[in-house]
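Enquirer: Which chain is which? The protein sequence lines are A and B, in order.
Under my numbering, the first residue of the first sequence is numbered 1, with each subsequent residue one higher.
Under my numbering, the first residue of the second sequence is numbered 342, with each subsequent residue one higher.
Honestly, the hints are just simulated from the structure, not real lab data.
Some hints could be false.
Facing chain A, a subset of chain B residues (Cβ under 7 Å, in silico) [claimed, not checked]:
| # | residue |
| --- | --- |
| 1 | Leu454 |
| 2 | Ala489 |
| 3 | Ile585 |
| 4 | Arg609 |
Below 20 Å or equal to it, Euclidean Cα-Cα: the simulated SDA-like pairs (lysine to any residue) are [to be verified]:
| # | chain 1 | residue 1 | chain 2 | residue 2 |
| --- | --- | --- | --- | --- |
| 5 | B | Lys452 | A | His296 |
| 6 | B | Lys653 | B | Gly560 |
| 7 | B | Lys452 | A | Gly302 |
| 8 | A | Lys146 | B | Asp439 |
Just a sample of chain A residues kept apart from chain B, beta carbon distances all over 10 Å, derived [what the hints assert, rightly or not]:
| # | residue |
| --- | --- |
| 9 | His140 |
| 10 | Gln175 |
| 11 | Lys178 |
| 12 | Val336 |
| 13 | Ile339 |
Quick reminder that beta carbons are idealized off the backbone N, C-alpha and C, glycines included.
2 protein chains.
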Amino acid sequence: MRILLLLLFAFPTIAFAQTASSPRYVLVIHGGAGTILKSSMTPEAEAAYHAALKAALAAGETILKNGGNALDAVEAAVRVMEDNPLFNAGKGAVFTNDGRNELDAAIMDGKTLSAGSVAGVTTIKNPITAARAVMEQSPHVMLTGKGAETFAAEKKLEIVAPSYFYTESRWKGLQRLKKEDSLKTTLDHNEKQEAAVLQPGNRDHKYGTVGAVALDLHGNLAAATSTGGMTNKKYGRVGDAPIIGAGTYANNTTCAISCTGWGEYFIRLVMAKSISDMMEYGKMPLSNAANEMIHHKLPQLGGDGGLIAVDKNGNIAMPFNTAGMYRGYVKDGKVVTEIYK
Amino acid sequence: MRILLLLLFAFPTIAFAQTASSPRYVLVIHGGAGTILKSSMTPEAEAAYHAALKAALAAGETILKNGGNALDAVEAAVRVMEDNPLFNAGKGAVFTNDGRNELDAAIMDGKTLSAGSVAGVTTIKNPITAARAVMEQSPHVMLTGKGAETFAAEKKLEIVAPSYFYTESRWKGLQRLKKEDSLKTTLDHNEKQEAAVLQPGNRDHKYGTVGAVALDLHGNLAAATSTGGMTNKKYGRVGDAPIIGAGTYANNTTCAISCTGWGEYFIRLVMAKSISDMMEYGKMPLSNAANEMIHHKLPQLGGDGGLIAVDKNGNIAMPFNTAGMYRGYVKDGKVVTEIYK
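Could you put together the complete structure from these sequences and hints?
Expert: The following block contains the structure:
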């Protein structure tokens, strides 16, 4: 017994690892929320999503378990999903109305409240790494369009031809949606609901986004989000993903959050910061705050989607009000990936 | 007495007008914060700023006193300032590093939490009106760059040649700052402070932004912000003005806010939403919340600037931690404009 106690004092992190209520590190990821139904999924597709989520978790966990920081972990996890055409981010980004892939991403460091984001970029292979470069290598938080691409090139980030982001399934998704939209013009303002009923796959595509939040061994939180936006989007539309406080937020005194959903509603609700503030000023636990926003305030306005969050004590929340959300976490040695409700 | 009581019931707004503690309508505006010193201002320039602020207040008040809504009032007040070359917004926008004028604006309706914003636009005469069109005539919240310009043109908003935004004083401001920047490259990372000490006017230019917040006779709040951004900005940088929750926010249950300052810090703090949440979840009065953010959290991170706010009861806050902030308000029949501390 005396020897055990001595060991505990000599290696305090070992001691914490034994205690479920004091997690050493936590990583949570999502790969988008939407009308993701078991009935419209093949077993092969399901397995591919689980494998992709596990690969992203593994990339982040390798960093966290070796004492690396939360910022590196969320960037690594998101990069894996950006490189996988299954997700609407990076390689698998959806197409805009004029047949382009315009990517958005944001990252935030809960320790310093530093943040970086890029919006509307078309040539940066990993937008999340560009967002981090904005945070660490510029005096700015948000860079957009060609300017952001010039910055990324100057910082020697990997630049690709816009055609890198072409995938046949996303291209077909755009053509399908354009056809639907030309039909929808005769519908009334409830067209969104009706279109969703007609085409469940449609909303899945629309809400594709990837994200990661982490708590590291040093007690630091970080959040990262990356997206290809909405299929068929027009006019240089920017959603919630690259907006600090809306789709992405981290603060060591409260929590780290990454959102996925109908971006406009998340912006109007300033979703992520609201949850942090409900914890900080309203003294609410993470799960209550996250549920209040996703299950009450979001549907009240007419929006839907979900989010992942981890608080400074390692508590996890993954609420969504859609049929499914690709998600997973690593906590206390457990690796879990899930798709449906 | 009986007749008076009858009158009160018949015309309740008349009754409220008599009571100082129940203001009928309130309008607050700002024209930017920064190193605005009496010592560097001529009496003529000072008079011109006061006149410009009064003109903006008059445009908004005309709407409010006739029972118009807060949204119309803030848009009207901001348009007057956008059209006046004294302010860094619309006509008087500063120049980017590559000699362009890139404008940002946002508007938010506290009743519905609807919001609209445009970023990086170069051909829209009144960006605040484009932001309102995004809010009311599109399913989106934020449109950027050429896409936002296409949208504005489709909605028949006034489009101008980029040269409309040329003013000699802003062009000279860019040349001066470029010269300073080439000197500054030899300075360490404290260059910002040193540069500010060397060139007080510099920071004034950097923080120019205009904004308005209003409470109307119907109890609705609205906020609007418009800016030309930072002189010499690069890479498609976007500041806090067009970010809902950062530089612009309105919510009938709390307050309406428009910010001006070093945008990156306002984004990282999610400034405007933080104040609303401190009121909603922390039960703080507006002035305490606004002071906490501007006089503690903002300088703690190293930022500076100011904001204007009005709460649902008509209380006003106008804190800033710079030398001055162009500002003014209309409340209880009083019209006030101020520049220095």
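Enquirer: Sort out whether Asp439 (chain B) lies within 20 Å of Lys146 (chain A), counting only the CA atoms.
Expert: Distance of about 13 Å is within 20 Å: holds.
Enquirer: Just double-check Ile339 (chain A) for me: nearest Cβ-Cβ distance to chain B has to come out over 10 Å.
Expert: Consistent with the label, Ile339 (chain A) stays out of reach of chain B, its closest Cβ about 28 Å off (over 10 Å).
Enquirer: Please work out if Lys452 (chain B) and Gly302 (chain A) have their alpha carbons no farther apart than 20 Å.
Expert: Cα-Cα ~15 Å, so holds.
Enquirer: Taking the shortest Cβ-to-Cβ distance between Lys178 (chain A) and chain B, state whether it exceeds 10 Å.
Expert: Holds, because the least Cβ-Cβ distance between Lys178 (chain A) and chain B comes to about 16 Å, which exceeds 10 Å.
Enquirer: Minimum C-beta separation from Gln175 (chain A) to chain B exceeding 10 Å: can you confirm that?
Expert: About 21 Å separates Gln175 (chain A) from the closest Cβ of chain B, which puts it past 10 Å; holds.
Enquirer: Given Ala489 (chain B) was flagged as interface, is its beta-carbon under 7 Å from a beta-carbon of chain A?
Expert: 6 Å, holds
Enquirer: Per the CB criterion, is Arg609 (chain B) less than 7 Å away from chain A?
Expert: OK, holds: Arg609 (chain B) within 7 Å of chain A, min 5 Å.
Enquirer: Would the hint on Leu454 (chain B) stand, with a C-beta cut-off of 7 Å toward chain A?
Expert: Constraint on Leu454 (chain B) satisfied, holds at 5 Å.
Enquirer: Closest CB-CB distance from His140 (chain A) to chain B, is it above 10 Å?
Expert: 5 Å, violated
Enquirer: For Val336 (chain A), which was marked as not at the interface, is the minimum beta-carbon distance to chain B over 10 Å?
Expert: Its Cβ never comes within 10 Å of chain B, the nearest being 31 Å, so this holds.
Enquirer: Lys452 (chain B) and His296 (chain A): Cα distance at most 20 Å?
Expert: This hinted pair holds, its Cα atoms lying about 17 Å apart.
Enquirer: Within 20 Å, alpha carbon to alpha carbon, are Lys653 (chain B) and Gly560 (chain B)?
Expert: Status holds; Cα separation ~7 Å.
Comparing the model with each numbered hint stated earlier shows that hint 9 is the single one that does not hold.
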